[in-house]
Structures are given as structure tokens and as C-alpha cells.
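For the protein sequence lines, the chains are A and B, in the order given. Counting from 1, one number per residue, gives the positions in the first sequence under my numbering. Counting from 1, one number per residue, gives the positions in the second sequence under my numbering.
Honestly, I wouldn't trust all of these hints.
Stated by the list, open to error - Listing some non-contacts, in silico: residues in chain B with all C-beta distances to chain A over 10 Å:
| hint | residue |
| --- | --- |
| 1 | A25 |
| 2 | R76 |
| 3 | R90 |
| 4 | I176 |
| 5 | G205 |
| 6 | T230 |
| 7 | E234 |
| 8 | S290 |
| 9 | I306 |
What the hints assert, rightly or not - Okay, derived cross-link-like pairs now, DSS-like style, lysine-lysine, Cα gap no bigger than 27 Å in a straight line:
| hint | chain 1 | residue 1 | chain 2 | residue 2 |
| --- | --- | --- | --- | --- |
| 10 | B | K305 | A | K166 |
| 11 | A | K165 | B | K338 |
| 12 | A | K167 | B | K40 |
| 13 | A | K165 | B | K199 |
| 14 | A | K219 | A | K166 |
| 15 | A | K245 | A | K165 |
Stated by the list, open to error - Short derived list, chain B residues pointing at chain A, Cβ under 8 Å:
| hint | residue |
| --- | --- |
| 16 | A271 |
| 17 | Q293 |
| 18 | Y298 |
Don't read these hints as lab results, they were simulated from the structure. Every residue gets a Cβ at the ideal spot worked out from N, C-alpha and C, and that includes glycine.
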Amino acid sequence: MFADLSDRQWLWCAAAFYTAGLILGTVSLIRGQRTSGFLISCAIMAGYLLQFVGLGIRGHATGGCPLGNRFEILQFTAWSAITLYLVVGVTFRSSLLGYFTACLGAALTIVSLSIPSWDAVLRTHIFGGNPWIELHAALAIFSYGVFGLLALTSALFLLRHFSLKKKHVGGWFSLLPSILDLDHIEVRLLGTGLALLTLALLFGSVYWTRDTATVGHAKLAATIAVWAAAALAFGLRAMGQLLAKRFAWTCLALFAAALLSLQAVDASRHPGAAAVERTSP
Amino acid sequence: MSEPCFFVLGATHHNAPLEVRERLAIESESALRADLALVKGLRELAVLNTCNRVEFYGVGTDATAVEAVQAAYCARQKFEVAEYERIRIRLTGRDAALHLFEVASGVDSQLVGENEIFGQVKDAYAVAQASGSTGSVLNRVFQKAFQAAKHVRTHTGIAAGTVSVANVAVDLATNIFGSLSDARVLVLGTGEIGSATAKAFSSRGAAHLAVAGRRGEVALEIAATLGAGTVPFEERNGLLSEFDVIVCSTAAPNVILTAASIASAMRRRPARPLLLVDLAMPRDIESGASDLQNVFLYNLDDLAKIAETNRSARESEVVRCRAILAEKADGLWSVVQKGIESAGESKSAPEGRNSAAGQAAAP
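For reference, chain A alone in the conformation it holds in the complex:
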């Protein structure tokens, strides 16, 4: 029975579990109860495994890491953010982060699944059989996933900051981690995302210098702009020039910019890639 499921059906199942985590958390918050970290983590873990299967099937079909269209890129970004949450999320000791991660997972997977045109064309062998380019792409999108988690942490920071400044510390605000912990995590996530993106660009640049025509100007400009913004934010934070609320807003803007840059990335494809029109996305 399961063998007959298509990649998109597995990914719909994953989206359903992320949504279940989102609903569980929302119901708890509306009732004014502590969100059940265990149940939400179980939902996220189940969604993550199903998404892994779905992306695996898609990767098998495309002959590489599934980053051939906007649908696949968003799916991979969500999967990357959740990978990182599952690895480092325990240290947050905040069920609210799990809740927000479920929100991100549900939003990215459902939106990408709901727009058929994003998955209308199935591109195979997009990396031209070059593993370094595949690594470049995977690292770059993984770094975007890290920026996704950074955006969630920044949102938590802003909520905590708001609650402390406005003196609303009860209710579900009490579930938020401390402002200093959130700040430290933000810095670490930004550093991790920046390091991954730097590595991705280094791998990509080796290939690009051999044949500059293979990468579109828009993709190049968008990717470098995201990297520069991340580097600038990290540098200013290290120098004590970009702090607290402004730093958190910058991190949120950085993730938005990363998502927007995917448009340019999606438009620039390896010339050797084969494109197949999907009849039933």
C-alpha cells in the first residue's frame, strides 16, 4: 500500500503531521495551557520522517538532491530547518520553539504543495553529474533552513522583548525562553547559517570561475546579497552595533530576503538539466 504512494502524497502526509503539531500547540495556547512539547515533537518527528521519504523518492526520480523547482526548494528548506531543530532544539528547552517550528514546517510544505505551478516541471540531473555543485546547492538551501530557524528564534525574542517592555509576563508569555538565551541562540544560528552559506558559495565559485556563463546574473547577485546581508549583520552584532530588537528584526528580514532570492535561484538552471512537464503534480 505504502509502496504505491507518490512523493507528493508522502509530502502531504508530512504536511499533515506538521499541521497536527501546529493545531496541538494552538489549542493548548488558546486554552492557556502549557504546550505539550512531547506531543508536538512527536508530530514534528513523524512529519520529518515522512518528508524524508517523500524527498528521497523525488531525489531518486530527479537523479540528485531535489532542488529542481520552487516546490522542491521550499520542501528542502523546511526539511533543513526541521533537521536543525531536531538536532539543537533540545537545548532550547522551549515547547514554544517546537510549536513555531511546526508552524514553519506546515506553512512551507502546505504552500509549496498547494501551488501546482511550482511543481509543474520536473527537472532531472540539474547538477550535471557534478557532486560539488550538488553539495553547493544542498549547503546553500540548508543554510536557508538555518535562517528559517533563526527567524523563528528572532520572533520568539521579539515576543519576549514585547512582553517584558509591556509588562505582560503571564499566560503563554511565561513559556518563552529568557531574552539572553534567545539572543545567544540567534547569534549562534546566524554564525552557523553564514558559515554554511559561505562554504556553499566557495564550492559554487570554484565551478563558476571555470564557466561564468552557467550562472545567471540575477542568481549571482541575489545569493551574494543574502550572504553579504548575513555577514554584515553578524559583523555588526559582534561589534555591538546591532543589538536586541534591531538584531532580531534584521534576522527576520534576512530570512525573508533568502526566500525572495529563491526566485532568482529557481530561474537559473544548469544547462545540462532535463526538464519534464509533470502531468499530474
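Following the hints, complete the assembly by docking chain B onto the known chain A.
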């Protein structure tokens, strides 16, 4: 033959005002236990003696044991039995078990949700166990009461938030810094509230605590009690940047920390937030400080409001807690009743000893 009876008998803050509870307070539990050792048919006994309640949880061979305990207790306290009967609670069976559940979980406390009562019930049980006056019924009921208390404290908001101003200040600090082990706390003012807040920070793990006051010797005394340091009161402005939490509670007629001095301190530590807690009346800290980036200023009214909100939130959880505890008491009682019935049958044989309290009193 009548059945064994699990009961609770006692007086609490609900019906007994403070002056009455003073007269009912047990001075010597061992002396009372010696009296209760003479009560015929008392198989098991635990005594819960706190400032808000004196309660006897027991198992008697029949209902007359309760009356005998009451008579012995009133005689020991030189308290009119008729007066006691007007203020007492006397419950049996499932209702007694439910009462214990509510007591242990803080639902029945004067300050709803307080944690201290849980420890007091545990201590009462430990004393009863050590003196050999618990048996199968009390063991089961108390163990289940601890489980039920932990359950409602974890799964409801009965214990959420703190309700004293000093502890609210500490909670705010943990909201900002997480663990207090790295946070540096300065308490300016050596009055009662300043001292209580310093103590609250110390008890919650603030490793770097300093006290300053106009009366240096009092500051030294408080600091010595808490294992804290002192700083000269006059040098406070120059030292602001070294602290993460500053609690002010002086009797100064004017502001002692201006927004400008705090802004200057923040320029030397821009990445680290600063919590200012102004417990003084009139206020010690210029209100403009709250507009500074990374500075969080709370005054006495703010803290009192948070404490009151927490108190209301706890009280609103009481109904839900009672429903959960009632369900648990029902479940427990159906099991315990079978045990009591079988114990009653075995007791139809002549008793070897007539009293659990007697065992307790015995050396």
C-alpha cells in the same frame, strides 16, 4: 460488626480564625500521640500540624474512633469540645481522601497553589511512618495524594507564577537572564523589602549579589547573612555597568538613579540587558530609564499587578483542579475500600494491639 473507617478530623484557616488556630496549635506532638495511644480502635494515624491547619488522618476500627480522637485532642489543648465541633471538619472515606488530595496540592491552602504545604504533608507522613503509625490505608492514600498533587501542579496552572513581590522580581530576572548563576545583582536599600528581595535572589541561585545602603553597617549585616558582598552607596552610579539586576528600595525622597546615569552605564555594556526593579515609594529610579534599549524597568505597582494576576490565575484553576482530584479520589477509594473491608474482616479476630497511635507513642 461496623466497618473500619478512614477519616480526617481537623480545623483549618477556612473556619478557624488565627486566634483560634493559636489555641489549637500542637506544642508537643509526642505528648499528644501518647494521649491518642489510649484511644481504642485507632489503627493508623498521621498528624498534619501547620500554621493554617491541625488535621488528624486516621483509620479506626469504627466511627467511634473519631470521637475519641477529638475528645483526647480537645482535652490536651484544653479546648471546649462544643466549640471545636463548630469549627472542625470531619470527613470520612472518599471525601477524606479527596480532602487530603486538595491539601497536598495546595488547592485548599490560604495562598492557593503554594508549594510549602506539599513538603509539610510529606513531613507529616514521614513522621507517622517513622513512628510506625501508618498502615496499608494511610500508606496508599498518602502516596496517591502525592501523585495527585504532582499531577495537578504539573498539568494545571494552580502553581503557575509567583505571588510575592520579591519572588516576582526574581522571576523577571530569570525571564531576562535565564539562570541567575551568572547574573550580577545589586540591592540598593536595606529596609525590609530590600532585605526580602535580596534573600529571594540569594535563595534562587544568584551567585553574585551585592548590597548597598546609606547605613553601611546594616548593609554589611544583610550581606553577611546572605553571603553577599557590599558596595559603597555613594559610588553606586559608577558601578551600575557592573550589574545586570538593580533593585532599589531606599527611603530617599528623590530619585537616586537617573536615566542619564543608566544610559551611561548601558553604553559600557550594550549587549547585556539590564533589569531595574524599583520597590521604593517615592520612586528611586527615573521613569525615563524604561525607554532605553535593553533596559527593563519595573516599579512596585508593576510587580504588585503581576503578583495579583498570578494569584487570580491560580484561583481560577481551583475548579479544574478539584474536578481532577475528585476523579482521582474516586479511583483510589474504590480500591482502598476493598482493602478496608478485608482488613475489617481480619479484625473480627481479637486485636493484639488496639492502637496505631499506641505504637507511635511506644519507645
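**Q.** Violated hints - listed by number, lowest first
**A.** When the structure is compared with the hints, numbers 4, 8, 9, 11, 12 and 14 turn out to be violated.
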